[in-house]
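Dock chain A against chain V, hints included.
First to last, the sequence lines map onto chains V and A. Per this note's numbering, residue 222 is the first one in the first sequence, and the count goes up by one each step. Per this note's numbering, residue 7 is the first one in the second sequence, and the count goes up by one each step.
Everything labelled a hint here was simulated from the structure, so no lab data went into it. Treat the numbers as computed from the prediction; the structure is a model and nothing was measured. Note that CB positions come from ideal geometry on N, CA and C, so glycine has one too.
Computed, partial: chain A to chain V, Cβ under 7 Å:
1) G47
2) R102
3) S108
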Amino acid sequence: GAVVSQHPSRVICKSGTSVKIECRSLDFQATTMFWYRQFPKQSLMLMATSNEGSKATYEQGVEKDKFLINHASLTLSTLTVTSAHPEDSSFYICSALWAGTYGYTFGSGTRLTVV
Amino acid sequence: KNEVEQSPQNLTAQEGEFITINCSYSVGISALHWLQQHPGGGIVSLFMLSSGKKKHGRLIATINIQEKHSSLHITASHPRDSAVYICAATNSGSARQLTFGSGTQLTVLP
Numbered sequence: 222g223a224v225v226s227q228h229p230s231r232v233i234c235k236s237g238t239s240v241k242i243e244c245r246s247l248d249f250q251a252t253t254m255f256w257y258r259q260f261p262k263q264s265l266m267l268m269a270t271s272n273e274g275s276k277a278t279y280e281q282g283v284e285k286d287k288f289l290i291n292h293a294s295l296t297l298s299t300l301t302v303t304s305a306h307p308e309d310s311s312f313y314i315c316s317a318l319w320a321g322t323y324g325y326t327f328g329s330g331t332r333l334t335v336v
Numbered sequence: 007k008n009e010v011e012q013s014p015q016n017l018t019a020q021e022g023e024f025i026t027i028n029c030s031y032s033v034g035i036s037a038l039h040w041l042q043q044h045p046g047g048g049i050v051s052l053f054m055l056s057s058g059k060k061k062h063g064r065l066i067a068t069i070n071i072q073e074k075h076s077s078l079h080i081t082a083s084h085p086r087d088s089a090v091y092i093c094a095a096t097n098s099g100s101a102r103q104l105t106f107g108s109g110t111q112l113t114v115l116p
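Looking at chain V on its own, in the form it has when it is part of the complex (with noise of 0.2 Å):
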């Protein structure tokens, strides 16, 4: 079946400094990607939609320049979140949309700690 490789799926980062979080789709390509955040006992919060290719299209309230997103090609979508702070702890994920259909591949997650 379809995967999607994400990576780290914990990190522990340093206030102010950058963290890179990759998806990977393993065995189909991945015309979209999309980024979610997830706080605590809550449901999943959409930041962003990557296009293989274009540039990202950011959900209202969400930072672009904070949250770099790069989907160079159809297996690899990157989130950067620049500059980190403790707020921006938090649990993100990824999903991808199996081209020409409407399934999607769920992500491990990455559970971002800011200290």
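Relative to the frame of chain V, chain A by itself:
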């Protein structure tokens, strides 16, 4: 009012019980998804359906397009079924974004 509403919010069952989680939506959809999120956070897509009924092992998902309602059933529940179950709808627009329900925390006791 959320466009996708789930109930119940929390559900505790004894091992072996039949479980039903309900989902209602108010938007036009292309597909309805049932997702499972385990304590570690990873999400697994259980079903994607646009009509009728699908079955996979002990899990059954149904959808009634006219009533804009879907249900997820678990037969012969087991403690390993304990997880958060999320209903999500793909909107009819071209963006194909998912609109999520608030999730149902299921705990199955041995």
